[in-house]
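Using the sequences plus the hints, can you model the full thing?
Protein sequence lines, in the order shown, are assigned to chains S and L.
First residue of the first sequence? That's 1 in my numbering, and the numbers climb one at a time after it.
First residue of the second sequence? That's 1 in my numbering, and the numbers climb one at a time after it.
Please keep in mind that the hints were generated in silico from the structure rather than gathered at the bench.
Don't take every hint at face value.
Unchecked claim - Distance condition first, Cα-Cα at most 27 Å in a straight line; then the derived DSSO-like pairs of lysine-lysine:
| id | chain 1 | residue 1 | chain 2 | residue 2 |
| --- | --- | --- | --- | --- |
| 1 | L | 347 | S | 122 |
| 2 | S | 118 | L | 271 |
| 3 | L | 348 | L | 286 |
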Amino acid sequence: MNDQNAMTIYHTFDDRDNPANRCPVVLLLDTSYSMSGQPIAELNRGVADFVAEVRHDEVARFSVELACVSFGGHPVVKLPFTNISAIEPEGAADFYADGGTPMGVAVEMGLDLLDKRKRNLKRMGIPYYQPWMVLMTDGAPTDDTVQAAERIHRLAAERRLIFLGIGIGEYADMDMLAELCPDNRPPKRLAGLEFGAFFEWLSQSVGAVSRSQPGDKVNLPSTDGWECV
Amino acid sequence: MGIGGFFKSIFGESSSSYETGSRQSSSSSSGENNGRTVFDGKKSPRILGPLLNRGGEGDIHPLVENYDILVKIYHERIRRFHPAIEDKIEVMKDMELRNDALLAWPKTKVFGDRGEWIGFAMRRVDGYHLQTFCQRMLIAERIGNWIRVELVETAVNFVRLVRRLNQSGVIVGDINPRNFFFDPKSRAVYAIDCDSFQVRRRGGGVFTCDVAIADFQPPELHGASFRGIERSVQNENFAAAVMIFKMLMFGLHPYNHRGCGEPVGNMIAGKCPFSNENNLSFPCGKWDVYWSHLPYRIKSLFIAAFHEGNRNPGSRPSLSDWENALKTYRSELLRGWHETAMFPKAKKKRGKPYGENNIFPKSNRKSRSRAA
Chain S
1 MNDQNAMTIY
11 HTFDDRDNPA
21 NRCPVVLLLD
31 TSYSMSGQPI
41 AELNRGVADF
51 VAEVRHDEVA
61 RFSVELACVS
71 FGGHPVVKLP
81 FTNISAIEPE
91 GAADFYADGG
101 TPMGVAVEMG
111 LDLLDKRKRN
121 LKRMGIPYYQ
131 PWMVLMTDGA
141 PTDDTVQAAE
151 RIHRLAAERR
161 LIFLGIGIGE
171 YADMDMLAEL
181 CPDNRPPKRL
191 AGLEFGAFFE
201 WLSQSVGAVS
211 RSQPGDKVNL
221 PSTDGWECV
Chain L
1 MGIGGFFKSI
11 FGESSSSYET
21 GSRQSSSSSS
31 GENNGRTVFD
41 GKKSPRILGP
51 LLNRGGEGDI
61 HPLVENYDIL
71 VKIYHERIRR
81 FHPAIEDKIE
91 VMKDMELRND
101 ALLAWPKTKV
111 FGDRGEWIGF
121 AMRRVDGYHL
131 QTFCQRMLIA
141 ERIGNWIRVE
151 LVETAVNFVR
161 LVRRLNQSGV
171 IVGDINPRNF
181 FFDPKSRAVY
191 AIDCDSFQVR
201 RRGGGVFTCD
211 VAIADFQPPE
221 LHGASFRGIE
231 RSVQNENFAA
241 AVMIFKMLMF
251 GLHPYNHRGC
261 GEPVGNMIAG
271 KCPFSNENNL
281 SFPCGKWDVY
291 WSHLPYRIKS
301 LFIAAFHEGN
311 RNPGSRPSLS
321 DWENALKTYR
331 SELLRGWHET
341 AMFPKAKKKR
351 GKPYGENNIF
361 PKSNRKSRSR
371 AA
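This is the structure we're talking about:
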């Protein structure tokens, strides 16, 4: 099941016709066995709502490009970088809970996707914003995350990555997440299964970014709706 | 500290905008002002309808009794920290431009139940944002049957509107594709967010325009906040030229080119890709094809605006230069001198009559002699 490329890209969208400044967003989603049942259903709905919400915004929908890596059993690129306007919202999220939690490999996979995408954008002459990477997990990694953490810290310090670590439920290993996250942006714990509120916040945040200039600082909305305090 | 606390905007928040008609842009909750009774200048009570749009400065609601009248209620912190806005609205509501059907101009002040000033009322305008022209997919979705004649007519109407404002001593300042609407049927262009415009004070001086989208602002305004700066007609000529460029080049920024950097940095460095001196090329895509089909006169004005005009504000074409050139382009399109397709597939060929796929009968001498 994990090998299926479950997201639907509903038509070919030519990057070269799109002059918008890009805002790359990578989702790293824990789809290990403990996520099965309601958590994965809520997560799926959250991602689908995120895509639908961004599509409503006539600026952000051409600016935001989404990539997804799921890690359950082994990490899989569920979606290579795709412009939001080219993703079918109904088919946007389709992850299955399965296997262990290879988080370190998944992070590196996401960072590699990002490097490749940034090289391509540069070559084509398309400006981009500081990319986003969101990691969501309900447990602890079953592999080594030292190298992944080093890469995240370096990019974040150079202001070349916004990394958000999100813990789901009471068993999420927040200490480990804190090691992964840059010091100035500690991990947050999701209140209950408020995936919807989180992804709404994310769509508002990337919407605000897509109206700014690359390199500018942007006011992000409050995290009150989903953050567990 | 929440994530929101990490950042401070350097431009202030973006001004509010709303889109009515076929697309409602508001997705947030109905707002605390829904159903609220407010009072107009004559102290008559009016009831606000559901929130139409929430912007950085205030919320926009229609009146329950008449959805064609919109009320902007400023956020309390804006009223508290920028009390001059009330004076500005006071001046604007008495200006002649209040009767201009193409402007969502403040018509009357609006008060709360304790008689405190809270906002203003304006006419609703409908249509699509000029942002539509910045995306090929939006053009296909909204005005898929258009040819270049309609595009150029819309650009003429945009230029005329800004020109008329400038002639009344008003500077738009924050020219950007989301502050203007166009009507897909009549091609009329409307301005919204008029309360952000730079307007003359009664006793001299100006109420400044305190917002801006950086990639529309000329190089001389960068490096400091846009707040409190008096903008000149030459600043406006630059911003208008960026808007015209984005319309005729489908969203490309004039300082966007292959191989390096983002547009604002390139602008400040004076790197304009279509001047011959810089030896730069457009980004990957069909941009050079679209450029090749623009008339010589339009291209020259762009070069004057973005190459010579980059460092020398006096060389930027005026809005009357733009109006004349665009009107000429329109009439030449109708005479079959230029390609009429919105998105020509290949570069214009030398020595061939203009407009190979032209829908208009060719009436220029060159093609007549070919036909003979």
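* Hey, residue 348 of chain L versus residue 286 of chain L, does the alpha-carbon distance stay inside 27 Å? -> 12 Å, holds
* To do: For the pair we were handed, residue 347 of chain L and residue 122 of chain S, check the Cα-Cα distance against 27 Å.
  => Given that 27 Å is the threshold and the Cα spacing comes to 24 Å, the pair holds.
* Pair hint residue 118 of chain S and residue 271 of chain L, alpha-carbon separation not exceeding 27 Å -> 22 Å, holds
When each numbered hint is compared with the structure, no violation occurs for any of them.
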